[in-house]
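Protein sequences appear in the order of chains A and B.
Under this note's numbering, the first residue of the first sequence carries the number 2, and numbering increases by one thereafter.
Under this note's numbering, the first residue of the second sequence carries the number 198, and numbering increases by one thereafter.
It should be emphasised that the hints constitute simulated quantities derived from the structure, not laboratory data.
Just so you know, even glycine gets a beta-carbon here, dropped at the ideal spot from N, CA and C.
Worth double-checking, as some hints may not be accurate.
Claimed, not checked - Just so you have them, the derived chain B footprint on chain A, three or more residues with Cβ under 8 Å: (1) 23 to 35; (2) 107 to 120; (3) 281 to 293.
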Amino acid sequence: MEVQKTALYNYHKNLGAKFVPFAGYEMPIQYKDGIVKEHISTRTHAGFFDVSHMGQFFLEGDETLIESLEKIIPADLKNLKINHSKYSFLLNNEGGIIDDLIITRTEKGFCIILNAACKENDIKQISQFLKKHHKHLLNNDLSLIALQGPKSVEILEKLIPGVANLKFMTGNNFEYKGENLYVTRSGYTGEDGFEISISNTKVEKLIDYLISNEVKPIGLGARDTLRLEAGLCLYGHDLNEKINPVEANLKWAIAKKRKEVGGFNGWEKIKNLLANGSEKIRVGIKPDGKVIARENTKIFSSDNNEIGFVTSGTFGPSVNAPVAMGYVKSEFSKIGTFIQLEVRGKKYGGKISELPFYKKSYVK
Amino acid sequence: MSEKKFSKKHEWVSLDGEVATVGITKHATEMLGDIVFVEVPDAGKAVEKEGQAAVVESTKAASDVYSPISGEITEGNKAIADDPGSVNTDPEGASWFFKLKIKDKGEYDSLMSKDEYDKFCKENPS
Numbered sequence: 002m003e004v005q006k007t008a009l010y011n012y013h014k015n016l017g018a019k020f021v022p023f024a025g026y027e028m029p030i031q032y033k034d035g036i037v038k039e040h041i042s043t044r045t046h047a048g049f050f051d052v053s054h055m056g057q058f059f060l061e062g063d064e065t066l067i068e069s070l071e072k073i074i075p076a077d078l079k080n081l082k083i084n085h086s087k088y089s090f091l092l093n094n095e096g097g098i099i100d101d102l103i104i105t106r107t108e109k110g111f112c113i114i115l116n117a118a119c120k121e122n123d124i125k126q127i128s129q130f131l132k133k134h135h136k137h138l139l140n141n142d143l144s145l146i147a148l149q150g151p152k153s154v155e156i157l158e159k160l161i162p163g164v165a166n167l168k169f170m171t172g173n174n175f176e177y178k179g180e181n182l183y184v185t186r187s188g189y190t191g192e193d194g195f196e197i198s199i200s201n202t203k204v205e206k207l208i209d210y211l212i213s214n215e216v217k218p219i220g221l222g223a224r225d226t227l228r229l230e231a232g233l234c235l236y237g238h239d240l241n242e243k244i245n246p247v248e249a250n251l252k253w254a255i256a257k258k259r260k261e262v263g264g265f266n267g268w269e270k271i272k273n274l275l276a277n278g279s280e281k282i283r284v285g286i287k288p289d290g291k292v293i294a295r296e297n298t299k300i301f302s303s304d305n306n307e308i309g310f311v312t313s314g315t316f317g318p319s320v321n322a323p324v325a326m327g328y329v330k331s332e333f334s335k336i337g338t339f340i341q342l343e344v345r346g347k348k349y350g351g352k353i354s355e356l357p358f359y360k361k362s363y364v365k
Numbered sequence: 198m199s200e201k202k203f204s205k206k207h208e209w210v211s212l213d214g215e216v217a218t219v220g221i222t223k224h225a226t227e228m229l230g231d232i233v234f235v236e237v238p239d240a241g242k243a244v245e246k247e248g249q250a251a252v253v254e255s256t257k258a259a260s261d262v263y264s265p266i267s268g269e270i271t272e273g274n275k276a277i278a279d280d281p282g283s284v285n286t287d288p289e290g291a292s293w294f295f296k297l298k299i300k301d302k303g304e305y306d307s308l309m310s311k312d313e314y315d316k317f318c319k320e321n322p323s
């Protein structure tokens, strides 16, 4: 498959981006300032992220569309209000997570934001449940820009009046340069911010404006340190088809009504896990010293039994210490439990930690 | 102290009598990005030319640091283990990685000069 580029590829290049292949796209991993500075400027001012590689999947249909989608998504879509969003997943028959996503109710149906690496398969999986009269479109004419950080609201409100009134996990249509934009108050960094869906032809103008307001470009490197500090999962690392929402410690994202009534892929299994708990569970981990426990690091108990593995690990610039997430046997998941991490053949101490590592400031 | 010599794996060496000081080059730190973890060897450890001797990690990944020269470690720089970010600020000065007592000065002589190293980096961009 040919490597794909987002509409902003040349723009990133001019900003001094270093590119890496990611999910079939050439994406900026960092810019001139480097990951730590990008991370800090997002937490203290604001940063923008080109997340146009993610799928913007639009669905239209009548009431039967809700029934169809609820077979694979365990959110309460029937009671989801127009312009409200939920974090959820696509589930397989075993209750495994095919992808994690944000679904928003629109006037005509739904918009689902899908991970870039999964989007083609996701659409196949969703399509199995759709009826002939349900319309769907993966819109590649749109870019998606995340603006994240405490100054986001002040900066975007000046350009697009009204966005300041949005509450976290809601969205609306706005006008910008004679064109309709869809803006949601959301993101994946643990900061207040927005995601802006804008046509590929207008996106450069939006970025010009952000840069003139000292919003820094942020690459995938800092996106990873920001989301990990915020305790958020990265699909393909912390989540995959063999992991279910109970193991992933994401049962909060299954709607209460759906937990009781079911009717979605893997419900039998999930119902059982909800009642009895899972064998392993996702936890936060703080290594004691400076050592970084990266993905696949083995986790041992204090008496040297292997009890799990790390799925994401890095240095957290705002925590100013290494942070990690991983799966351990459930009996070792209590906050504060002493564990050992095997790095380069040596065992280092660490503790099961609360998530997030860094406290959020969402506007509710 | 002698002039600095350079390896293809982006380490530098300077020589003071029989004791060599080894660090990573500025070019290496620019490729690595923000350095967040360093592990240096303990005194007494024997290292081979091009053998793994230390570890450096950036926000992106972990990399081995090789010794461009054989010998016995006399000191690891604990200051950079405590403050890994200092390697980004002064890689070819205060933020050296380790010192070792060398076995064969010929190994030092065969390394690249500053000019040769700069040319090598230009020809092998990463």
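Hints, verified against the model:
Counting residues of the region 23 to 35 of chain A whose CB lies closer than 8 Å to any CB of chain B gives 3, which reaches the minimum of 3, so the coverage claim holds. Counting residues of the region 107 to 120 of chain A whose CB lies closer than 8 Å to any CB of chain B gives 0, so the stated coverage by that chain is violated, three being the minimum. With a cut-off of 8 Å between beta carbons, the region 281 to 293 of chain A has 3 residues touching chain B; three or more are needed, and the interface restraint holds.
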